[in-house]
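Participant: One-letter residues, chain by chain:
There are 2 protein chains.
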Amino acid sequence: MAKNQLTPKTVDMSKWYTQVIYQSCLADYAPVKGCMVIRPNGYEIWENIHDALDPLLKNLGIRNAYFPIFIPLSLLNKEAKHIEGFSPELAIVTHGGGEELKEKLAIRPTSETVMYTMYSKWVHSYRDLPLLLNQWNNVVRWEKRTYFFLRTTEFLWQEAHTAHATHEEAWQMVLDGLSAYKNMVENYLAIPVISGKKSAHETFAGATLTTTIEALMPDGKALQAGTSHDLGQNFSQKTAFDIAFQDQKGNTAYAWQTSFGLSTRIIGALIMTHGDDDGLVLPPRIAPIQVAILPAQESEVVTHVCEKLAEDLKKSGIRIAYLSDLTHSLGWRLNEAEIQGTPLTVVIGERELAAKKLTAKIRHNRTEETVNIENADRTIQRILETIQEDMYKKALKNMKELTTEVQTFEEFEQVMKSKRGFIKAFWCEQESCETAIKRETKATTRCLPFINERGAVSEEKGVCIKCGKECTHRWLFAQAY
Amino acid sequence: MAKNQLTPKTVDMSKWYTQVIYQSCLADYAPVKGCMVIRPNGYEIWENIHDALDPLLKNLGIRNAYFPIFIPLSLLNKEAKHIEGFSPELAIVTHGGGEELKEKLAIRPTSETVMYTMYSKWVHSYRDLPLLLNQWNNVVRWEKRTYFFLRTTEFLWQEAHTAHATHEEAWQMVLDGLSAYKNMVENYLAIPVISGKKSAHETFAGATLTTTIEALMPDGKALQAGTSHDLGQNFSQKTAFDIAFQDQKGNTAYAWQTSFGLSTRIIGALIMTHGDDDGLVLPPRIAPIQVAILPAQESEVVTHVCEKLAEDLKKSGIRIAYLSDLTHSLGWRLNEAEIQGTPLTVVIGERELAAKKLTAKIRHNRTEETVNIENADRTIQRILETIQEDMYKKALKNMKELTTEVQTFEEFEQVMKSKRGFIKAFWCEQESCETAIKRETKATTRCLPFINERGAVSEEKGVCIKCGKECTHRWLFAQAY
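Line order of the protein sequences matches chains A and B.
Take the first sequence: its letters are residues 1 to 481, numbered as in our numbering.
Take the second sequence: its letters are residues 1 to 481, numbered as in our numbering.
Incorrect hints may appear among the rest.
[Said to hold, decoys possible] Below, in silico cross-link-like pairs of lysine-lysine (DSSO-like), each with a Cα-Cα straight-line distance of 30 Å or less:
no., chain 1, residue 1, chain 2, residue 2
1, B, Lys-424, B, Lys-400
2, A, Lys-33, B, Lys-121
3, A, Lys-424, A, Lys-442
4, A, Lys-121, B, Lys-33
5, A, Lys-104, A, Lys-121
6, B, Lys-104, A, Lys-33
7, B, Lys-33, A, Lys-315
8, A, Lys-182, B, Lys-315
9, B, Lys-424, A, Lys-78
10, A, Lys-466, A, Lys-400
11, A, Lys-9, B, Lys-315
12, B, Lys-102, A, Lys-144
13, A, Lys-144, B, Lys-308
14, A, Lys-102, A, Lys-144
[To be verified] Far from chain B by the CB rule (all over 10 Å, computed), these chain A residues:
no., residue
15, Pro-31
16, Cys-35
17, Arg-63
18, Glu-202
19, Glu-307
20, Glu-311
21, Ser-329
22, Thr-404
23, Val-406
24, Ser-418
25, Thr-435
Treat the hints as calculated values from the structure; they're not laboratory data.
Built from N, CA and C at the ideal position, the CB exists for glycine as well.
Generate coordinates for the entire structure from the input sequences, incorporating the hints supplied.
Facilitator: Put into structure tokens, the structure is as follows:
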């Protein structure tokens, strides 16, 4: 893979982003408009996200299943706001097996309607609840233009769908799902996020309330990284999917539901958050290759030390690449490791062996650490942990620097024109003000931040920056991807 | 989950099969014709198949990627036999994002054409080869009626697609892929298979040669469990996908390709091979729950011993269920474990503790083993290994008993009318005889068996059972799912 001159990230992040994706072979444009191919270097990041998130969901008692990709339009129509929200984005199958279909089928844009048809069949008694299912699958929401990872007609995600006997229990699951996302995104992807609830206008089509984790990209634009919805009884009610059950007293009740999803979109946030002018930089816990080992020259003893280190690291569960092909120059191989976003590269040559010290090159801050050959594997593991922490701290610092509290709309406008970022401001929660702010500044409400894991929000006295009406909540605003 | 009286397996295996799938909550009919829902008990089997097979493919140097589900019809048309084979089974998208599409899109029935469009873009030099990619995804081949796992409009599978500089290297990959399947199916699913090559008529649409692993179900019908194709240069040639590269001498050459796939269909084989009149029986290496632990009564010391055993087994990587809810009777909980196909169940009560011995109930042969409480976890692991071996041996014995070598067509007909099974018989390799045999006996050629891992076949002198012409190969015939 050749490394080209990239457009500097600070000059044009959008150009830089596409160039990095090409340079690192993360993805490519597909022969179908709006679609992308996820190449191995990109897909292995998704595999690692799966492996990090899947156990967190299983810990909540959620089990994986698989529901069909086809949804008859009559099912999609059962929840009025849901079909209204998704209708413009649908792909429609009209022919199957050489015949025109009697009922047209949508390709799932999300699986509420096909899943809840089954939930209605399976749930009869409070003993059948909670019903906690998840699927890892592909969904389709029509797009005309591909924006790698961030906006594609087809994307990969997981969607969890739970049904409960009480609203209290369902609300707890909404928060637990959101916490799992925050945990994965902050601790594995090293991307800090703000949890909160969405405005009525930004609520998922069919939900009573949507919660979200919001990340901030280095260019000052926000990226919604995952959402968890309280569906209330909107889908379970008799006139929709009729998920009725006998409660403990023998009365008929309707299930309280939630759904939550996280998609390949997050890979876009990962690239933007950590990459630099030289290209891709990945945090250790999610990097397909965590350590690259490079022999400096042909030598039996160098080979021996390299192989032993590779073996020791593999035994500790570290994902390594041993770039031992000496027909390629050291520079070429260093470049190869860099293109893959490898967080740590170790060069081993005769000079290093003579000094009994290795040099570990840390990608994200371009520093080096000297490592004693003895127990090098343990030292390297410790360095990887430090890199993970440092990358998170750096991103957090950046987010804080790009977060501004404003009191007036003039200030709001000024910040949005200069550095952008998150803006905290009082808003009256009227859609008219939200729309006006968006029209004039391109900034949307991202969320009303939670102040704890139970979904509490802080109450203060203030006035709406747009209409001046008294109100109690400071919302988070930003322009968004 | 309630356990019902099942139709005995020997009386009507097809009825039994559907009843077992319902009883064990493996799957359900979806609201779309021809489609199924894979419920958690079924999907977790697929997760374990993934976890067993994926590393075997990665060991071959294959990396995972993701290509779009949509294939423009113009791409599908590029390889004449490929489109001819798949055309009757396609689902067609005609509308997207509220507009009629200029070019109709097929939902992938398999991904050769969309992947090879990209291969053509990525491959320029012999240095770009081999290109070894795999994807785990969903595909659609239209069916009017659902036959759980065995025949569904949408199914899950993996499809590996490789491109090589020489035919020799490609052919080795065809065999390596097939060996990986045989390894996984025999060693994890405990289903013996016969490897071999398909007849010209049964070859994959677009391949020059198809290899297969064939399993035999207890009712004497064969089930194709996985296929690996030599695509030659059919797809890479200039008039198809033009996957051209400069070879080491600087000449233009065309890639040699393979593809191989294994699907959720194999779960059908798993259910049929090992289940009995009481329902589902799973081999330990693939069972979602390997050991169920049941306390016999409420008691502090019993709880303690159960929890310790559960902990010890989990530490050794054993998948356990601790069925500790004493509001359910012991019988109810034993039934619960049985419904899940759990290979081993351990009951622990005060009687067992007094004797310092546990009773381990082995599901597949309805025997019991006495286990000393001390080091019980290690003994249990050993028992699980024995169960795995015994289940394979039992299935192998069954396959051998159902395999007959015949010399005449009369014998052939007689066997197919009575016990069915695999029949080994000389065949002249003319399609006319193959078609006549199928018409008269419903039996098809399953494969010409390989006698070693290099794909060699044995040569003997004989005469075709149908036309009497001299020929050299004994083929394997069977009626098939």
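Participant: All the hints need checking, so say for each whether the structure fits it.
Facilitator: Tested hints:
1. B:Lys-424 with B:Lys-400: Roughly 12 Å separates the two Cα atoms, so the pair holds.
2. A:Lys-33 with B:Lys-121: holds, 17 Å
3. A:Lys-424 with A:Lys-442: holds, 15 Å
4. A:Lys-121 with B:Lys-33: holds, 17 Å
5. A:Lys-104 with A:Lys-121: holds, 23 Å
6. B:Lys-104 with A:Lys-33: holds, 12 Å
7. B:Lys-33 with A:Lys-315: Violated - the C-alpha atoms of Lys-315 of chain A and Lys-33 of chain B are around 49 Å apart, more than 30 Å.
8. A:Lys-182 with B:Lys-315: holds, 28 Å
9. B:Lys-424 with A:Lys-78: Measuring from Cα to Cα gives roughly 56 Å; hence the hint is violated.
10. A:Lys-466 with A:Lys-400: holds, 24 Å
11. A:Lys-9 with B:Lys-315: Not satisfied, since the Cα-Cα distance of roughly 47 Å exceeds 30 Å.
12. B:Lys-102 with A:Lys-144: holds, 13 Å
13. A:Lys-144 with B:Lys-308: Roughly 57 Å between the alpha carbons, so the hint for Lys-144 of chain A and Lys-308 of chain B is violated.
14. A:Lys-102 with A:Lys-144: The given pair, whose Cα atoms are some 28 Å apart, holds under the 30 Å limit.
15. Pro-31: violated, 5 Å
16. Cys-35: violated, 4 Å
17. Arg-63: violated, 4 Å
18. Glu-202: At about 21 Å from chain B, Glu-202 of chain A clears the 10 Å cut-off, so the statement holds.
19. Glu-307: The claim stands: Glu-307 of chain A keeps its Cβ more than 10 Å from every Cβ of chain B (closest is about 18 Å).
20. Glu-311: Fine: 17 Å to the nearest Cβ keeps Glu-311 of chain A off the interface.
21. Ser-329: holds, 15 Å
22. Thr-404: For Thr-404 of chain A, whose nearest Cβ neighbour in chain B is about 37 Å away, the distance exceeds 10 Å, so it holds.
23. Val-406: Non-interface label stands for Val-406 of chain A: nearest chain B Cβ at 37 Å, farther than 10 Å.
24. Ser-418: holds, 36 Å
25. Thr-435: The claim stands: Thr-435 of chain A keeps its Cβ more than 10 Å from every Cβ of chain B (closest is about 23 Å).
The structure fails to meet hints 7, 9, 11, 13, 15, 16 and 17 from the earlier list, while all remaining hints are met.
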